[in-house]
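S.K.: Sequence:
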Amino acid sequence: MDLIENKPLAPFTTFEIGGPARWFVEAVSEEEIVEATTWAQEHSLPLFVLGGGSNLLVADAGFSGLVLKISLRGVTAVPGQSGQTIYQAAAGEDFEHCVQRTIEDGCAGLECLAGIPGTVGGTPVQNVGAYGQEVASSIERVRAYDLASRAFVEFNATECGFSYRRSRFNSVDRDHYIVTRVDYRLTPGGAPTLRYVDLQRAFAGVEPTLVEVAAQVRHLRQSKGMLLVEDDPNCRSAGSFFKNPVVDEDQYRQIAAASPTVPPRFPAGPDQVKIPAAWLIEQSGFPKGYRLGPAAVSSRHTLALINLGASVGRSASASDILALAAQIKAAVQARFNLQLEIEPVLLGF
59 MDLIENKPLA PFTTFEIGGP ARWFVEAVSE EEIVEATTWA QEHSLPLFVL GGGSNLLVAD
119 AGFSGLVLKI SLRGVTAVPG QSGQTIYQAA AGEDFEHCVQ RTIEDGCAGL ECLAGIPGTV
179 GGTPVQNVGA YGQEVASSIE RVRAYDLASR AFVEFNATEC GFSYRRSRFN SVDRDHYIVT
239 RVDYRLTPGG APTLRYVDLQ RAFAGVEPTL VEVAAQVRHL RQSKGMLLVE DDPNCRSAGS
299 FFKNPVVDED QYRQIAAASP TVPPRFPAGP DQVKIPAAWL IEQSGFPKGY RLGPAAVSSR
359 HTLALINLGA SVGRSASASD ILALAAQIKA AVQARFNLQL EIEPVLLGF
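Using the working numbering, the final residue of the sequence shown is 407, and nothing's skipped along the way.
I should point out that these hints are in silico values taken from the structure, not numbers from a laboratory.
Since the model is a prediction, treat every value here as computed from it, not as a measurement.
Just so you know, even glycine gets a beta-carbon here, dropped at the ideal spot from N, CA and C.
Honestly, I wouldn't trust all of these hints.
Said to hold, decoys possible - Think about it this way: if two alpha-carbon atoms lie no more than 25 angstroms apart in a straight line, the pair counts; the simulated SDA-like pairs of lysine to any residue are: (1) Lys-301 <-> Ser-140; (2) Lys-346 <-> Arg-358; (3) Lys-282 <-> Glu-198; (4) Lys-282 <-> Glu-270; (5) Lys-282 <-> Gln-258.
To be verified - Ranges of calculated distance between the beta carbons of each label pair, as one might list FRET restraints: (6) Ser-140 <-> Phe-407: 28 to 34 angstroms; (7) Gly-371 <-> Gly-141: 53 to 59 angstroms; (8) Glu-217 <-> Arg-349: 41 to 47 angstroms; (9) Leu-61 <-> Arg-259: 35 to 41 angstroms; (10) Asn-395 <-> Glu-63: 45 to 51 angstroms; (11) Val-370 <-> Asp-233: 32 to 38 angstroms; (12) Asp-233 <-> Ala-388: 25 to 31 angstroms; (13) Gln-391 <-> Asp-118: 34 to 40 angstroms; (14) Gly-248 <-> Gly-371: 48 to 54 angstroms; (15) Glu-93 <-> Asn-395: 46 to 52 angstroms.
Let the sequences and hints guide you as you build the complete structure.
M.R.: See below:
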């Protein structure tokens with residue numbers, strides 16, 4: 059185990075923001091995870107598990123404990139039941155690489171998640187989803203290290219407690235487990251998922267391949283600044299900074315009454331409606347490109363807050379990002395009586 063003191067964390071995040079970790083270690087095996095977590099416990103240090111850093115905002119002062127970067131690698135395909143294929147992916151594997159592997163193999167189930175940054179281990183934690191798919195629909199099993207019992211355990215999809223952007227790993231059991239492997243159950247030769255309206259429009263009257271759908275998803279993500287492209291300031295973000303609120307029908311009618319235009323709505327369960335946070339933000343006075351010093355709303359998608367960086371003379375700080383977020387939350391609360399929830403993990407605050 060190679061312990062490093064005062065390791066800068068900004069380079070490990072897509073925001074490119076944040077101070078140092080007091081202690082930092084990179085684990086490439088389950089044994090090293092056990093060793094590092096034991097060391098943190100023996101020294102009474104707070105522990106943070108770092109994946110791809112694509113859903114993370116680090117405080118300007120950094121983090122006073124041990125940051126454990128998960129770098130376990132490898133993707134293995136094995137036969138599953140009913141003709142399906144199980145892809146066993148190590149938690150530190152780049153998720154985009156994993157998705158591309160399944161597409162090239164002709165296995166359906168992750169194609170609409172192409173272009174999502176981060177690592178495999180983060181996907182069940184947030185129940186990562188986009189363009190009509192969530193990993194909850196394809197996850198067969200999650201292997202994790204239980205920090206309380208000091209043992210490795212496995213959960214099936216039901217035991218993971220998936221819901222919109224939630225799982226047991228970021229709710230009732232937050233900071234209790236470290237994901238080390240995710241098994242995805244996919245369908246060889248299966249048809250791509252076309253639930254999202256932009257995909258339906260793009261492929262109207264044709265039956266696209268998995269490769270074509272994934273390419274269109276990446277194109278859509280890039281058009282919204284949600285695809286990592288070098289030197290594009292819109293990519294210095296944590297993706298969607300706010301979750302899309304889920305409300306009941308009465309709340310939806312109240313929101314509609316407070317707006318001159320009809321709010322977009324998407325079904326989210328019995329008597330439940332999902333409203334795009336981007337629409338709420340724009341209606342509350344924050345258009346694309348809105349700036350607060352070196353922090354800004356993305357010029358391509360209202361849901362992303364970005365670090366303008368050197369283009370405006372200095373990089374945004376975590377405080378700059380949170381100041382802009384606070385302005386947005388207060389405006390939405392005042393306009394619609396609705397509290398937006400921040401999606402990225404906040405570390406060191």
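S.K.: If a hint holds in the structure, say so; if it does not, say that too.
M.R.: Right, here's what the structure says about each hint:
Distance check on the hinted pair: Lys-301 and Ser-140 sit about 36 angstroms apart at the alpha-carbon level, beyond 25 angstroms; violated. For the hint linking Lys-346 to Arg-358, the alpha-carbon distance of about 6 angstroms falls within 25 angstroms, and the restraint holds. For the hint pairing Lys-282 with Glu-198, the CA-to-CA distance comes to about 31 angstroms; that exceeds 25 angstroms, so the pair is violated. Of the pairs offered as hints, the one joining Lys-282 and Glu-270 holds, with about 19 angstroms between alpha carbons and a cut-off of 25 angstroms not exceeded.
Taken as a hint, the Lys-282 and Gln-258 pair is honoured in the structure, with Cα atoms around 18 angstroms apart against an allowance of 25 angstroms. Separated by about 46 angstroms at the C-beta atoms, Ser-140 and Phe-407 break the suggested range of 28 to 34 angstroms. With their beta carbons about 58 angstroms apart, Gly-371 and Gly-141 fall inside the hinted range of 53 to 59 angstroms. Remark: the range hint 41 to 47 angstroms for Glu-217 to Arg-349 is upheld by a beta-carbon distance near 45 angstroms.
Between Leu-61 and Arg-259, the C-beta spacing of about 52 angstroms breaks the proposed range 35 to 41 angstroms. About 47 angstroms separates the C-beta atoms of Asn-395 and Glu-63, a value consistent with the hinted range of 45 to 51 angstroms. Taking the beta carbon of each, Val-370 and Asp-233 are about 36 angstroms apart, inside 32 to 38 angstroms as hinted. A C-beta distance of roughly 29 angstroms is found between Asp-233 and Ala-388, which places it inside the suggested range of 25 to 31 angstroms.
Between Gln-391 and Asp-118 the Cβ separation comes to about 26 angstroms, which falls outside the hinted range of 34 to 40 angstroms. About 50 angstroms separates the C-beta atoms of Gly-248 and Gly-371, a value consistent with the hinted range of 48 to 54 angstroms. For Glu-93 and Asn-395, the hinted distance range of 46 to 52 angstroms is satisfied, since their beta carbons lie about 50 angstroms from each other.
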